Amino acid sequence: MTAEYDVEFVEREDRDARFLVRGVTPAFANGIRRAMVADVPTMAIDTVRFVENSSVMFDEQLALRLGLVPLTTPPEGEFVEDDTVTLSIDVEGPATAYSGDLVSSDDLVQPADDNVPIIELKDGQRLEAEADAVLERGKNHAKHQGGVAVGYRHLQRVSVVDDLPEFEEQESQIVRGVIEDDGELVPTSEFDHDLSNRYPGKQVEVEDVPNAFVFRVETDGSFTVEELVTRAVDSIEARATELEDAVQL
Amino acid sequence: MSYKCSRCKRDVQIDEYGGVRCPYCGHRVLLKERSRDVKEVGVN
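Chains as they are written, first to last, in the numbering used here: chain S, 1 to 249; chain P, 1001 to 1044.
Mixed in with the good hints there might be a few duds.
[Said to hold, decoys possible] Listed next, the stretches of chain S that the computed footprint assigns to chain P, with coverage defined by at least 3 CB atoms under 8 Å from CB atoms of chain P:
hint, region
1, 38-50
2, 53-60
3, 64-77
[Claimed, not checked] Capping the alpha-carbon separation at 25 Å, the derived lysine-lysine pairs in BS3-like fashion look like this:
hint, chain 1, residue 1, chain 2, residue 2
4, P, K1004, S, K139
5, P, K1032, P, K1004
6, P, K1009, P, K1032
7, P, K1004, P, K1039
8, S, K122, P, K1039
9, P, K1009, S, K122
10, P, K1009, S, K202
The hints are simulated quantities; they were obtained by calculation from the structure and are not laboratory data.
Every value quoted in this text rests on a predicted model; they were computed, and no experiment measured them.
Heads up, the beta-carbon is just placed ideally off N, CA and C, and yes, glycines get one too.
Please put together the full structure from these sequences, using the hints given.
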C-alpha cells in the first residue's frame, strides 16, 4: 500500500458519516471495515443481578435487553479490557422502564440513548436490578460492536460520452453511493439515484475509480464516527506492530 | 417451598403427604413464589 492517501468527508454527523478514502487497496479498505465492526472495544452490560423482577418477562430476557443497550465508551486509556462499571435500575409500575432509568456509577459510562424501552410495567410490577458493564470487542459479542452499519463502495466516475440520438427514449440508469463528476463529489440521493435525472438527453459512462472507496459509517452512540475510525485504524496499527515484532524475533 | 393461594392470596406451605390444597380456603390452585434471593444472570 502506498503511504499517500487522502480522506474527504461527504456527509458528517456525530453518529453517521460518509467519507471518501483515496489511495488504499481493496484489502486495506476491508481491513478498516472489519476493524470498525469487530476490533474496537466498547462498553456493554455483561452481568445482571436481579433483586426484584415482577414483570411479565423472564430475568434472562431482560438481561439480554439490558446487554444490548448502547453505552458511551470512555476515552482510550481510562479503562482497560475487563474493567467493570456498575449500573442500576429501579422502576415501579405503572411505567415503562427506559435505558435512561439506568444509573451509572461512572460519569464516563452512560446509556448512549435515554429512550430505549426495556420493559413495560403494569400496576404493582417492579424491576430492580444491578448490572456490570465491561469493555470488550465486537468479535467476542455483537453487543460490543461500536459500528452498527459499516460498509463501503467504489467511488464511481461519471463522464458524458455523447448526446442521446434523436427520437431515442432515455432509459433510467440507477447508481448508488457517491459519484465523481468533474472532480466534484455528488451523493446519488441528490438526483434520486438516477443518472437520467442528472444528465437528461446525454449518454453517460460509469466506471469505478481505482483505489477510491466511499465509506458509510454509523455508530451505536458509543462514540463518534471520527473516534471509531481512529480507534479502528489504531487497532490495525497495533496488530501490525505486534506482527512485525514477532517476525523479527 | 413457599406457595401462594390464587384465591385467598395467603402464603401456603405444602407438605409431601397433604396434597396440593390451600389449608385456609381449600382452593387447589397454588402459585409458586419467586425466591427472595438476588439472581445473577449472564448476558451471553
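For each hint given before, does the structure comply? Return the numbers of the non-compliant ones in rising order.
4 and 10
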